[in-house]
Every structure is written in structure tokens, then in C-alpha cells.
Amino acid sequence: EPEVTQTPSHQVTQMGQEVILRCVPISNHLYFYWYRQILGQKVEFLVSFYNNEISEKSEIFDDQFSVERPDGSNFTLKIRSTKLEDSAMYFCASSEDNPSTDTQYFGPGTRLTVL
Amino acid sequence: GEDVEQSLFLSVREGDSSVINCTYTDSSSTYLYWYKQEPGAGLQLLTYIFSNMDMKQDQRLTVLLNKKDKHLSLRIADTQTGDSAIYFCAEPLKSWGKLQFGAGTQVVVTP
Chain B
1 EPEVTQTPSH QVTQMGQEVI LRCVPISNHL YFYWYRQILG QKVEFLVSFY NNEISEKSEI
61 FDDQFSVERP DGSNFTLKIR STKLEDSAMY FCASSEDNPS TDTQYFGPGT RLTVL
Chain F
1 GEDVEQSLFL SVREGDSSVI NCTYTDSSST YLYWYKQEPG AGLQLLTYIF SNMDMKQDQR
61 LTVLLNKKDK HLSLRIADTQ TGDSAIYFCA EPLKSWGKLQ FGAGTQVVVT P
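Chain order of the listed sequences is B and F. For what it's worth, my numbering labels the leading residue of the first sequence as 1, then goes sequentially. For what it's worth, my numbering labels the leading residue of the second sequence as 1, then goes sequentially.
Bound conformation, chain B alone (with noise of 0.2 Å):
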């Protein structure tokens, strides 16, 4: 079966830094999500992107946060100076066709610890 997958599964880092998390969707998908989890709390959502743009983004995601698709199959998230409250579990979604009503697939996650 299909699964999205994510690299590294965990990522740690110096604050500053930059870090760059990896994905591979589900082949035939055309929309692509990044969501992120801090240790004990919800899920919440970071930016949605289609068509090689952002169709949407939260307040999380300020000019820190990158998204890009570099080829046909990867999907990067990249956090350009990181800071310790970017420490977090970073999961990748996709989803075949409209959005709001197709389900999304998530990945494993990279767990981002920045010291």
C-alpha cells in the first residue's frame, strides 16, 4: 500500500541553525501538508500547498518556514534559523484530490529537537 514517508525520523540541531525536513507523498497526490505536534499537545496545522504554491498557511508559519517541492516526488520543509520552541514532531500529509473533502495521509514524522 501507498504510505508517505519522512527523513530523518529525528533531527537534532543547534538553535540558529538551519534545518531542512524531508518527504515523499503518495505518488498520484496533488496536495501536500505539513503539520506539527509539540510534545504533549494537538496537532496543529502549518501550511497546505498546491500547484507549486502555498494555498494556505497558519500564524506558525512566519518567514522562519519554507516549503518547497524540488522534483516530482519530494516535499521539503525548511526552518531557517531555528529556536528552541521549534522543537517538535513534524509530520507530512497528502492527499489525492480536493482537499476538503479527501483524506489526508500522514507520514511517520521527524522528531526535531533543537538544543
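Mixed in with the good hints there might be a few duds.
When the alpha-carbon atoms are kept at most 25 Å apart in a straight line, the in silico DSS-like pairs for lysine-lysine are as follows [what the hints assert, rightly or not]:
id	chain 1	residue 1	chain 2	residue 2
1	F	K56	B	K78
2	F	K36	B	K42
3	F	K36	F	K56
Here are some chain F residues pointing at chain B (derived, C-beta under 8 Å) [said to hold, decoys possible]:
id	residue
4	F9
5	P39
6	A41
7	G42
8	L45
9	Y48
10	G97
11	K98
12	L99
No wet-lab data here; the hints were simulated from the structure. Given the structure is predicted, the values throughout are model-derived calculations rather than measurements. Yeah, the Cβ is synthetic: ideal placement off N, Cα and C, and Gly gets one too.
Given the structure of chain B, go ahead and fit chain F onto it with the hints provided.
What follows is chain F alone, placed relative to chain B:
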């Protein structure tokens, strides 16, 4: 309210039924979802229900939807130790597929 609400904790004995409740916010949501998160793992889609349905059964899982009260529940029959996890209900908001999650219900299955 503006949040998806869930009770935070449920303890159940192995073999009993579990019922996890959720109150959602948007009566126009087309689908409502249940995701399962095992310790240290990602979000696994468990089941979903289309908003024009009252009930959906999928093996040991039964989803009930009360649109009038915006109430969603997940029943797990014959709960097993492998069902120990956090269960999230989620609804898509009107905008571009943004899923709003509840805080999650931690289900602990005891022998």
C-alpha cells in the same frame, strides 16, 4: 466553541468495548476522521465517516455521527492491548484542507 473537543483519557479492560467521544465545530464538514497514534509513531488513519451518514462500521470499529449536536464517537469492540494509543478526531475546515485536530484521547487497555 471553536475547538474540537475530546476527553483526554480512557481506561478500559481487555475484551471490553471502548467509546471515545468528540465534539466538532463545523456543521458543514463533509468528512470527519479518526486517527490513531501509537507511542513514538505517526498518525495512522483509522477510519472516517461522510457527513451524510449516521453510522459506519468497519470490523471492530463503529463510528456514530450526530450532526445536530456535532458529536462524533468511535467505538472499539473487544478492545485489545494493541489498541492502546492516542486517538484523535479531526475535521477539515472550510479552507484548503486544513485539518483541525482534537487534543487526543489516550486509551489505556489493561489486562
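Against the structure, the hints:
no., hint, verdict
1, F:K56 <-> B:K78, "39 Å, violated"
2, F:K36 <-> B:K42, "13 Å, holds"
3, F:K36 <-> F:K56, "17 Å, holds"
4, F9, "13 Å, violated"
5, P39, "12 Å, violated"
6, A41, "6 Å, holds"
7, G42, "4 Å, holds"
8, L45, "6 Å, holds"
9, Y48, "6 Å, holds"
10, G97, "2 Å, holds"
11, K98, "5 Å, holds"
12, L99, "6 Å, holds"
Hint violations for this structure: numbers 1, 4, 5, all remaining hints satisfied.
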